[in-house]
Amino acid sequence: MTLLSVTAVRGERSRARRSSPTARRRSTARLSKAGYFFISGYVVLLALFGVAPTAYAVYLALTSAGGHFAGFSNFTNAYNDFRFVPAFKHVAEVMVIWLTALIVFVVGLSLMLHSMARRLSGAFRFLFYLPGALAGSASVLVWLFMLEPGVSPWNFVLSALSFKNLDQVLLPGHLPVLFALIAFWTGAGGWIVVMYGALNNIPNELLEAAKLDGASAWQTALWVKVPLIKKWIAYMVILAFAAGTQLFVEPQLVGQASLGLVSQYWSPNELAYVMAFQNNNFNEAAAVSIDLLVLGLMCAGAVVFRSKLFEVD
Amino acid sequence: MLRSNALRLLGVIVLLGFTAFFFVPMVWLLLAPTKTDPQLISHGPFAIGTLHNFAHAWHQVFSFENDAPLSWLKNSAIYSLGGVALALAAAVPAGYGLARTQFVGRKVLLAVTLVVMIMPATALVLPLFLEMNLVRLTDTPWSVILPFSFFPFGVYLTYIFFSSTIPEDLFAAARMDGCTEWRIFYRIALPLSRPIVALVGFFAFVADWNNYFLPFLMLPDSTKYPLPVGLEYLLASSPAFNPSIGGGHQAIYRPELALATILAIAPVLIVFLFAQRTLVSGMLAGATKG
Amino acid sequence: MRSFIASKFPGTRKRGLRIALVTLVATGTIGGLVAAAEGAGFARSSAPRLLVWVDATRVAQVKAYEKSHPNVKVDVVTYDGNDGGSGTLQSKFALFNRVGHGWPDVFFSGENYDAASIASPQYKDAQVLSDGLVATSVLKKFAAGTLADCTVNGKIVCLRNDIGQDVLWYNKKLMDQFGYAVPTTWAQWAAIGEQVAKQHPGYIIGSAGNAFDDEIYLQASECPMSKLLNSYTVQISPTSPNCTRVANLLDPLIANGSVPVVSLFAPTFLKQYGSKVLMMTGPSWYGDFVFANPSGLAVPAGQIAAAAPLSWTAGKQPVTGDVGGGLWFVSSHSKQTKAAVAMATWLATSYKSQGIGPTYPAYTPDQAPWVTAQQKSGYFANDLGPVFAKAGTEIWSGWSALRYAPDSIWSSTVIPALTGGSTLASQLPAFGQGLKNVAQVNGYTVKG
Chain Z
5 MTLLSVTAVR GERSRARRSS PTARRRSTAR LSKAGYFFIS GYVVLLALFG
55 VAPTAYAVYL ALTSAGGHFA GFSNFTNAYN DFRFVPAFKH VAEVMVIWLT
105 ALIVFVVGLS LMLHSMARRL SGAFRFLFYL PGALAGSASV LVWLFMLEPG
155 VSPWNFVLSA LSFKNLDQVL LPGHLPVLFA LIAFWTGAGG WIVVMYGALN
205 NIPNELLEAA KLDGASAWQT ALWVKVPLIK KWIAYMVILA FAAGTQLFVE
255 PQLVGQASLG LVSQYWSPNE LAYVMAFQNN NFNEAAAVSI DLLVLGLMCA
305 GAVVFRSKLF EVD
Chain S
81 MLRSNALRLL GVIVLLGFTA FFFVPMVWLL LAPTKTDPQL ISHGPFAIGT
131 LHNFAHAWHQ VFSFENDAPL SWLKNSAIYS LGGVALALAA AVPAGYGLAR
181 TQFVGRKVLL AVTLVVMIMP ATALVLPLFL EMNLVRLTDT PWSVILPFSF
231 FPFGVYLTYI FFSSTIPEDL FAAARMDGCT EWRIFYRIAL PLSRPIVALV
281 GFFAFVADWN NYFLPFLMLP DSTKYPLPVG LEYLLASSPA FNPSIGGGHQ
331 AIYRPELALA TILAIAPVLI VFLFAQRTLV SGMLAGATKG
Chain X
402 MRSFIASKFP GTRKRGLRIA LVTLVATGTI GGLVAAAEGA GFARSSAPRL
452 LVWVDATRVA QVKAYEKSHP NVKVDVVTYD GNDGGSGTLQ SKFALFNRVG
502 HGWPDVFFSG ENYDAASIAS PQYKDAQVLS DGLVATSVLK KFAAGTLADC
552 TVNGKIVCLR NDIGQDVLWY NKKLMDQFGY AVPTTWAQWA AIGEQVAKQH
602 PGYIIGSAGN AFDDEIYLQA SECPMSKLLN SYTVQISPTS PNCTRVANLL
652 DPLIANGSVP VVSLFAPTFL KQYGSKVLMM TGPSWYGDFV FANPSGLAVP
702 AGQIAAAAPL SWTAGKQPVT GDVGGGLWFV SSHSKQTKAA VAMATWLATS
752 YKSQGIGPTY PAYTPDQAPW VTAQQKSGYF ANDLGPVFAK AGTEIWSGWS
802 ALRYAPDSIW SSTVIPALTG GSTLASQLPA FGQGLKNVAQ VNGYTVKG
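Protein chains in written order, with the working numbering: chain Z, 5 to 317; chain S, 81 to 370; chain X, 402 to 849.
Heads up, a few of these hints could be off.
[Stated by the list, open to error] Selected chain Z positions facing chain X (Cβ under 10 Å, derived; list incomplete): (1) Tyr83; (2) Gly259; (3) Ser311; (4) Lys312.
[Said to hold, decoys possible] Only pairs whose alpha carbons sit at most 27 Å apart, straight line, appear in this in silico BS3-like list of lysine-lysine: (5) Lys154/S with Lys234/Z; (6) Lys542/X with Lys468/X; (7) Lys154/S with Lys464/X; (8) Lys541/X with Lys791/X; (9) Lys168/Z with Lys791/X; (10) Lys312/Z with Lys37/Z; (11) Lys312/Z with Lys154/S; (12) Lys525/X with Lys556/X.
Hints are computed from structural coordinates only; laboratory data are not their basis.
None of the values given here were measured: they were computed from a predicted structure.
Backbone N, C-alpha and C define an ideal beta-carbon position, used for all residues, glycine too.
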């Protein structure tokens with residue numbers, strides 16, 4: 005039995021439980037075939053490039069190097085690796101800053117832009133988005149210069165914090181803030197574009213009605229606009245949480261820019277990569293990846309449940 | 081009156097502060113190729129150099145290793161455009177189907193998509209490599225384009241769009257008229273979906289254009305690299321980041337790296353400028369009225 | 402398929418056709434683009450050829466080989482040279498080993514530790530060269546100790562391309578100006594540091610912020626922090642007197658500022674200390690890439706000279722460190738082993754006899770021509786030849802090539818601690834513990 009057919013059977017049983025009048029059942033049956041047609045292309049890709057590799061990763065996590073079943077030993081070995089706990093501590097510290105900053109500022113800035121004239125907000129959105137184009141290797145050089153006192157445009161900030169050279173900027177205690185900052189710099193713009201688009205799809209009548217009711221700009225923003233983009237915000241929280249726990253690029257690029265001041269396994273995702281490609285231990289690497297997946301799913305589950313993301317309006 | 085003005089001022093300051101935060105490093109980047117490497121350090125970050133330096137940097141970058149950067153640009157275009165076309169072809173109908181049709185397994189599909197999206201990519205690369213090897217596609221563009229066409233992020237975007245943006249009355253009216261599902265999608269949903277197609281297409285393009293890991297592992301030859309992998313290779317070949325390699329005649333220093341970086345990100349920004357117009361056109365104006 | 406759609410969705414036949422057509426055209430276009438790309442160089446070759454992986458800098462060497470051996474067909478693939486701990490080779494070989502194809506016949510690595518991991522049971526891709534494939538007479542001509550990094554389990558598995566033997570670089574003009582004699586021992590060097598701090602503050606005699614400082618200072622002191630006792634046991638003894646004496650030497654100098662904790666390659670180094678380098682123990686490639694380089698310190702000609710590496714015991718032959726140097730490997734999976742070995746041998750031995758190549762050769766007969774070519778520029782204030790040649794034979798072989806690089810632990814734990822104000826003496830045990838952890842993860846047993 006394939007994964008899809010098992011779940012299909014389960015889905016059918018749950019639907020049958022919610023019995024409906026004959027007419028609805030007939031139209032439901034008719035609609036369901038069309039639905040399959042629409043999703044067919046994507047389902048093939050999902051199976052090939054999503055489900056199969058994920059299943060393989062789960063298989064790797066539960067077996068040893070020779071292919072024998074290994075129970076949870078990969079998970080316990082990974083946990084006992086000296087790099088494991090520090091890596092998770094690091095991302096926990098990053099997450100607190102990153103998640104709060106992203107949600108508050110992305111929603112806030114999008115609302116601000118939405119209240120502006122279209123051309124002006126377009127210019128701002130472009131400016132905010134620019135860093136998002138600098139992915140990974142492209143931003144190594146930029147950040148080397150941004151963080152080096154003496155050559156950085158932000159020197160007034162760095163010297164105010166009495167940093168005289170790069171080594172002082174990259175002291176271990178500063179790294180979580182720094183990586184959250186870089187991740188925000190790269191990621192916020194894209195989410196602002198999404199949120200702005202979502203805000204823009206709110207029908208004007210609703211906004212006008214609110215105005216007629218005497219709501220101020222603030223009140224409209226908080227009580228009308230935000231609830232209407234609830235689904236988009238939920239989606240952003242899920243993905244931002246996953247992206248935060250799976251931090252990889254920022255420690256990697258700062259490590260490269262600084263010629264090694266940040267270890268190559270600072271974050272759990274980096275650790276999984278090192279385990280796989282430097283220690284040739286793909287099984288433990290898969291175990292760490294599954295740990296990250298479980299974390300992300302816990303958050304996703306909570307958000308989906310609370311925001312009813314899977315329901316159609 | 082005073083209070084709202086003060087709030088306005090605060091808003092302006094916050095906005096300008098964020099603008100500086102996002103934009104200042106880009107200004108540095110744009111000005112860097114106009115200076116020589118020693119000048120990057122001795123002159124101020126916003127000092128403007130000479131056109132001559134810029135031309136020198138340009139020549140150094142583009143003649144690197146038999147014009148490799150041009151190949152990288154071409155490769156990036158092929159991989160990204162191929163990936164975007166296929167991703168859109170799959171994601172737009174899929175999002176619509178998930179949002180507007182009922183079928184067995186709908187919620188399961190949403191859940192599975194979410195799970196796969198959250199799975200760390202590092203764990204997926206080995207199985208993807210093995211899959212591509214099975215069909216003898218490693219070391220070809222397809223080994224990169226096909227995985228690119230799987231874009232669950234886009235499916236969720238289209239799903240949320242179709243489920244919350246187009247009002248139910250439109251569909252109800254169409255169904256009462258006896259339209260088939262396909263007709264409803266093709267005649268009603270698709271024309272109204274230009275903003276989301278632009279959004280998903282744009283994000284797919286950026287994700288494909290900036291993807292480093294997948295091409296790095298699938299393509300061993302540096303002439304087949306897309307720009308991100310090429311740029312990383314350029315960094316590793318530069319004495320600026322790799323002092324002990326004995327760089328010598330390569331002469332790729334920091335201004336050249338800055339120029340290569342600008343080359344790597346320029347297409348994304350150009351596409352963004354074009355996509356912006358469609359991204360934000362309010363498509364519902366007048367749709368339900370009359 | 403079409404009739405299925407037509408029966409389920411009446412009236413859509415024409416539309417279905419249209420969709421099918423569009424899809425066909427789109428696929429055709431993409432296919433065409435891909436085919437064009439394939440034609441433009443993606444096609445795979447069918448004749449037996451040698452696949453060579455090199456970094457950008459060594460391309461010239463391979464091209465020279467192709468020119469002098471027109472009957473050998475060579476496919477050159479450039480990659481990042483495995484430098485800076487990028488681990489590209491290990492990543493790619495892990496994948497190739499799983500699918501059974503793809504390895505290059507000859508490859509270069511810029512990471513001088515790589516022999517240990519590539520020859521290890523995990524990657525198993527280094528062809529043993531000492532069992533007759535490369536003549537013993539040739540192997541003997543590599544400078545003493547330079548093939549230690551290529552020796553795994555008593556067998557030589559790679560050929561050394563170049564070495565970065567540490568020498569004492571000094572600014573002759575400044576030293577004469579300030580009246581300091583060039584030191585021959587570490588104690589003398591430290592004494593000068595104390596004087597410099599008092600008489601000429603701001604000038605420096607070394608630096609302590611580089612990732613490879615463990616090789617510059619600890620290796621030269623025969624400090625056993627990465628000493629292979631046998632193929633599975635590493636000695637890591639941070640409390641050994643050979644290690645603690647380095648900390649006791651450096652700590653006062655770090656404190657008085659004559660040996661700052663700044664990386665030589667950081668932009669601020671140039672600003673603060675660019676013209677104030679009195680002395681610097683560093684590898685042979687510093688001459689060109691740090692001092693003469695217009696993007697480096699850009700010291701004017703005629704000032705920089707090199708002296709013998711410092712010794713811990715007056716009168717005794719010094720032991721020195723080694724930073725960098727590349728390796729030529731032949732893949733154990735190669736189907737053209739003989740041709741590959743011939744090529745690798747040529748690349749490691751013949752190219753530099755022409756005096757070209759950016760770094761100091763490990764192969765002795767190539768060394769003199771290389772130095773002559775360097776001296777032609779007239780930049781250096783003394784004759785580098787004898788200094789480099791002697792120092793090249795003094796590299797301490799007790800700093801073994803392991804499956805991990807101690808540098809990465811040094812730079813991610815010790816340097817931040819030094820930056821934060823800790824003394825090196827207090828950090829040596831932490832360094833040792835960090836090394837122990839990484840050693841064990843890589844399958845070594847650790848002896849304290």
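Checked hints:
With a least beta-carbon distance of about 14 Å to chain X, the hint placing tyrosine 83/Z at the interface is violated under the 10 Å criterion. Using the Cβ-Cβ criterion of 10 Å, the hint placing glycine 259/Z at the interface with chain X is satisfied: the shortest such distance is roughly 8 Å. For serine 311/Z, the interface hint is violated, since its Cβ never comes within 10 Å of a Cβ in chain X; the closest pair sits about 34 Å apart. Against a cut-off of 10 Å between C-beta atoms, the interface hint on lysine 312/Z is violated, since the closest Cβ of chain X lies about 31 Å away.
As the CA atoms of lysine 154/S and lysine 234/Z are separated by approximately 40 Å, the hinted pair breaks the 27 Å bound. The suggested pairing of lysine 542/X with lysine 468/X holds, with an alpha-carbon distance near 25 Å, which does not exceed 27 Å. Taking the CA atoms of lysine 154/S and lysine 464/X, the gap is near 25 Å; set against the 27 Å cutoff, the hint holds. Taking the CA atoms of lysine 541/X and lysine 791/X, the gap is near 16 Å; set against the 27 Å cutoff, the hint holds.
Between lysine 168/Z and lysine 791/X, the direct Cα distance comes to roughly 39 Å. Violation of the 27 Å bound is thereby established for this hinted pair. Between lysine 312/Z and lysine 37/Z the CA atoms are separated by roughly 25 Å; this keeps the pair inside 27 Å, and the hint holds. For the given pair, lysine 312/Z sits about 43 Å from lysine 154/S by alpha-carbon distance, which is inconsistent with the 27 Å threshold. Straight-line distance between C-alpha atoms of lysine 525/X and lysine 556/X comes to about 14 Å, which keeps the hinted pair within the 27 Å bound.
Of the numbered hints listed earlier, those contradicted by the structure are 1, 3, 4, 5, 9, 11.
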